[in-house]
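These protein sequences, in sequence, are chains A and B. Quick note: the first sequence, position 74, residue 112 per the working numbering, numbers continuous. Quick note: the second sequence, position 154, residue 192 per the working numbering, numbers continuous.
Treat each hint with caution, since some may be false.
Since copy identity is lost for identical chains, a pair holds within one copy or between any two.
[Stated by the list, open to error] The calculated lysine-lysine pairs, modelled on BS3-like cross-linking and capped at a C-alpha distance of 25 Å, are:
{"hint": "1", "residue 1": "K386", "residue 2": "K338"}
{"hint": "2", "residue 1": "K348", "residue 2": "K386"}
{"hint": "3", "residue 1": "K386", "residue 2": "K347"}
{"hint": "4", "residue 1": "K347", "residue 2": "K380"}
{"hint": "5", "residue 1": "K40", "residue 2": "K140"}
{"hint": "6", "residue 1": "K57", "residue 2": "K364"}
{"hint": "7", "residue 1": "K82", "residue 2": "K160"}
{"hint": "8", "residue 1": "K199", "residue 2": "K82"}
{"hint": "9", "residue 1": "K160", "residue 2": "K222"}
{"hint": "10", "residue 1": "K372", "residue 2": "K338"}
{"hint": "11", "residue 1": "K57", "residue 2": "K380"}
{"hint": "12", "residue 1": "K347", "residue 2": "K214"}
{"hint": "13", "residue 1": "K347", "residue 2": "K57"}
{"hint": "14", "residue 1": "K347", "residue 2": "K364"}
{"hint": "15", "residue 1": "K338", "residue 2": "K89"}
{"hint": "16", "residue 1": "K249", "residue 2": "K219"}
{"hint": "17", "residue 1": "K210", "residue 2": "K249"}
{"hint": "18", "residue 1": "K219", "residue 2": "K167"}
Calculated directly from the structure, the hints in this document are not laboratory data.
Protein chains: 2
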Amino acid sequence: MKYTAVIMAGGVGERFWPKSRQHCPKQFLSLTADGETMIQKTVKRLLPLVKLEDIYLMTNADYLSLVHEQLPQIPEENILAEPCPRNTAPAIGLAASLIARKEQDAVMFFLPSDHLIQHEEKFISALQKAAQAALQGEKLITLGIQPTYPETGYGYIHYRKTSGDDVFPVEKFVEKPNLPKAEKYLHSGEYLWNSGMFIWKASSILENIRKYMPDLFQGLQPIVKAYHTAQFEEILYQQFPLLPSESIDFGVMEKAEHIFTIRGDFGWDDVGSWLALERINPTDEQHNYFDGEIISSDVKNCTVSGNGKKIIAMLGVEDLVVVDTKDALLICHKQQTQEIKKILAQLKENQRFELL
Amino acid sequence: MKYTAVIMAGGVGERFWPKSRQHCPKQFLSLTADGETMIQKTVKRLLPLVKLEDIYLMTNADYLSLVHEQLPQIPEENILAEPCPRNTAPAIGLAASLIARKEQDAVMFFLPSDHLIQHEEKFISALQKAAQAALQGEKLITLGIQPTYPETGYGYIHYRKTSGDDVFPVEKFVEKPNLPKAEKYLHSGEYLWNSGMFIWKASSILENIRKYMPDLFQGLQPIVKAYHTAQFEEILYQQFPLLPSESIDFGVMEKAEHIFTIRGDFGWDDVGSWLALERINPTDEQHNYFDGEIISSDVKNCTVSGNGKKIIAMLGVEDLVVVDTKDALLICHKQQTQEIKKILAQLKENQRFELL
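Input sequences plus hints: build the corresponding full structure.
Structural data, given as structure tokens:
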């Protein structure tokens with residue numbers, strides 16, 4: 039049975055500014071001590087289960103050279119550049135169509151390129167379990183994550199605990215909750231975090247797209263027909279922008295039947311902000327995460343990421359995120375890492391586009 | 039009547055690290071928006087009263103080129119490089135001896151090179167008043183500063199309020215007090231801050247050195263005799279290190295008679311730490327002092343000094359001092375600016391001498 043993976047690498051994460059920039063977003067950064075970038079880790083951890091020739095990357099023209107540079111081992115024809123961002127449904131539809139041309143019932147792992155997973159064997163075993171379930175019937179499976187605290191920044195999956203199996207029917211996808219709701223979800227034991235990772239047969243997701251997103255299904259046909267022809271790129275650039283911009287969650291998952299989830303417990307982290315660094319890296323006794331040459335006295339709960347070229351001296355501070363790069367320095371209270379967009383807005387207003 | 043000035047420019051201020059370095063201490067930095075360095079300001083504000091040819095600079099070999107570069111208008115023979123640091127008494131003794139050779143009763147203003155004065159006319163008028171008093175009898179006059187808050191970082195002058203005159207007898211010099219004492223001093227109205235600025239006739243201070251520091255007086259003679267000869271530098275380098283290392287405060291002022299003070303009220307600031315920047319420069323509505331390209335949101339009471347080459351983005355922080363330079367970045371809570379020496383100690387330990 040063929041296992042394939044489709045990795046989304048078109049995102050423009052702004053929350054890791056000033057290290058992430060429009061020309062080099064988070065998935066192409068290394069945020070761990072081993073020096074591997076997020077997307078390199080994403081590909082590497084799949085290799086026990088998926089052959090290189092069956093790994094597809096959805097990106098955009100701006101990042102094509104980064105993808106080639108960081109992942110030279112991926113066959114060139116597996117790297118698809120979307121002409122413009124149309125959310126996840128068109129990307130999934132296109133990838134599923136191309137995979138189905140080769141093998142209709144191939145299992146497809148749809149994965150973000152910028153998440154971290156601590157326990158890779160557990161992750162692989164969850165994917166295997168999901169693949170087995172996806173192969174039976176027409177199940178669409180989403181990887182849920184066992185919540186460990188009342189996070190308000192994620193969507194949740196309300197699932198029905200059934201006995202015997204590890205694959206549970208999904209009752210409902212729910213939006214990012216407020217804190218009281220998140221606490222309720224956490225304690226009920228009936229909710230999982232929505233990781234944005236999906237497993238299905240190519241034929242299953244295509245059938246559901248045909249049913250619930252007929253415009254998308256129709257729009258994909260000329261592109262799929264042109265694959266492996268000289269006109270492919272031209273037709274992709276003509277047709278892709280006409281596809282409906284929609285997420286697969288809203289377009290299919292919230293409407294379809296046979297939606298299931300698997301409880302993942304493999305140390306998942308979406309690395310959603312600079313705060314993730316202290317979760318995914320070792321910290322010192324004062325709960326500091328220091329990357330670079332840092333001299334400190336009376337400093338605690340700080341996350342500091344240097345650029346390797348400058349000494350950073352810190353005295354008597356706490357709860358700060360400090361990120362130094364060649365042309366920009368960020369000093370941010372930990373409670374305000376979600377407000378980095380305010381800085382970016384001001385940079386835009388000041389027409390400092392080179393810093394975005 | 040000849041007015042002369044002797045400016046001390048040999049200090050190695052560590053409290054402005056990382057902008058100040060061993061090879062470029064505070065007096066050679068510009069800490070105000072006008073771009074003038076501290077020592078340039080010190081010379082400039084004297085010009086209504088003292089001719090350029092009567093301004094002497096005491097520095098050391100390491101800073102000779104900086105002095106020449108920043109003060110090309112000062113005659114070269116007025117710039118004296120101490121072979122090694124011997125505190126203030128030998129420097130004052132040497133300068134007074136050289137001045138007395140030209141005119142025994144010349145008035146000598148002895149001044150630090152790294153203080154700021156807001157109201158320069160008031161300062162000049164205080165110097166004039168002191169000079170007049172110094173010319174009568176053998177008075178040694180110290181400029182006291184009217185305290186405005188209970189500072190614990192300065193020495194104090196206990197003086198006797200006498201009526202009629204503005205020149206008051208000094209009862210006693212007192213060491214840096216603790217806070218309760220500083221508060222007592224402030225409210226008593228009988229204490230002034232010791233600014234380290236002195237006014238006397240060259241002959242008066244020499245007579246007192248002869249009396250209270252006879253070793254110093256004797257040791258100076260061969261150096262003074264060699265002045266304006268080809269052997270001067272050789273003899274200076276031989277003899278100066280043999281002079282007793284002592285402050286003029288301890289060696290003379292605390293022992294001599296005829297010690298007087300004038301109450302200065304001319305916006306004096308010793309610019310003793312990074313905290314001074316917000317006193318001596320305009321701040322914004324959130325009490326921030328920003329020098330450089332800074333983008334901020336929800337930031338208050340911060341002092342930020344960039345190096346002009348990098349944007350600094352700040353989010354949700356307060357009470358920080360941030361100083362960015364080419365090779366070092368300081369992030370310090372305002373209450374800990376006096377602890378910068380801990381950073382320097384660590385740099386020494388790590389043998390990062392190029393950063394000191």
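Right, here's what the structure says about each hint:
In the homo-oligomer, the alpha carbons of K386 and K338 lie at most 25 Å apart only across protomers (23 Å), although the nearest pairing inside one protomer, at 33 Å, exceeds that limit. Within a single copy, K348 and K386 get their C-alpha atoms only as close as 27 Å, which misses the 25 Å cut-off; across copies the closest is 16 Å, which meets it. In this homomeric assembly, K386 and K347 come within 25 Å of each other (Cα to Cα) only across copies, at 19 Å, whereas the closest approach inside a single copy is 27 Å. For a Cα distance limit of 25 Å, the shortest separation of K347 from K380 across copies, 21 Å, qualifies, whereas the shortest one inside one copy, 27 Å, does not.
Proximity of K40 and K140 under a CA criterion of 25 Å is satisfied intra-copy only: 10 Å inside one chain copy versus 100 Å between copies. Both within a single protomer and between protomers do K57 and K364 lie at most 25 Å apart by alpha-carbon distance, with minima of 9 Å and 18 Å respectively. Taking CA atoms no more than 25 Å apart as the test, K82 paired with K160 passes inside one copy only; the shortest distance there is 15 Å, against 73 Å between copies. Neither within a single protomer nor between protomers do K199 and K82 lie at most 25 Å apart by alpha-carbon distance, with minima of 33 Å and 83 Å respectively.
For a Cα distance limit of 25 Å, the shortest separation of K160 from K222 qualifies neither inside one copy, at 27 Å, nor across copies, at 70 Å. In this homomeric assembly, K372 and K338 come within 25 Å of each other (Cα to Cα) both inside a single copy, at 12 Å, and across copies, at 16 Å. In the homo-oligomer, the alpha carbons of K57 and K380 lie at most 25 Å apart inside one protomer (16 Å), although the nearest pairing across protomers, at 30 Å, exceeds that limit. For the homomeric pair K347 and K214, neither the shortest alpha-carbon distance inside one copy (40 Å) nor that between copies (40 Å) is at most 25 Å.
In this homomeric assembly, K347 and K57 come within 25 Å of each other (Cα to Cα) both inside a single copy, at 14 Å, and across copies, at 17 Å. With identical chains, the CA atoms of K347 and K364 are at most 25 Å apart both within one copy (9 Å) and between copies (9 Å). Proximity of K338 to K89 under the C-alpha cut-off of 25 Å is found in neither arrangement, the shortest distances being 44 Å within a copy and 54 Å between copies. For a Cα distance limit of 25 Å, the shortest separation of K249 from K219 qualifies neither inside one copy, at 33 Å, nor across copies, at 84 Å.
For the homomeric pair K210 and K249, the shortest alpha-carbon distance inside one copy (19 Å) is at most 25 Å, but the shortest distance between copies (96 Å) is not. Taking the shortest Cα distances, K219 and K167 never come within 25 Å of each other, neither inside one copy (30 Å) nor across copies (75 Å).
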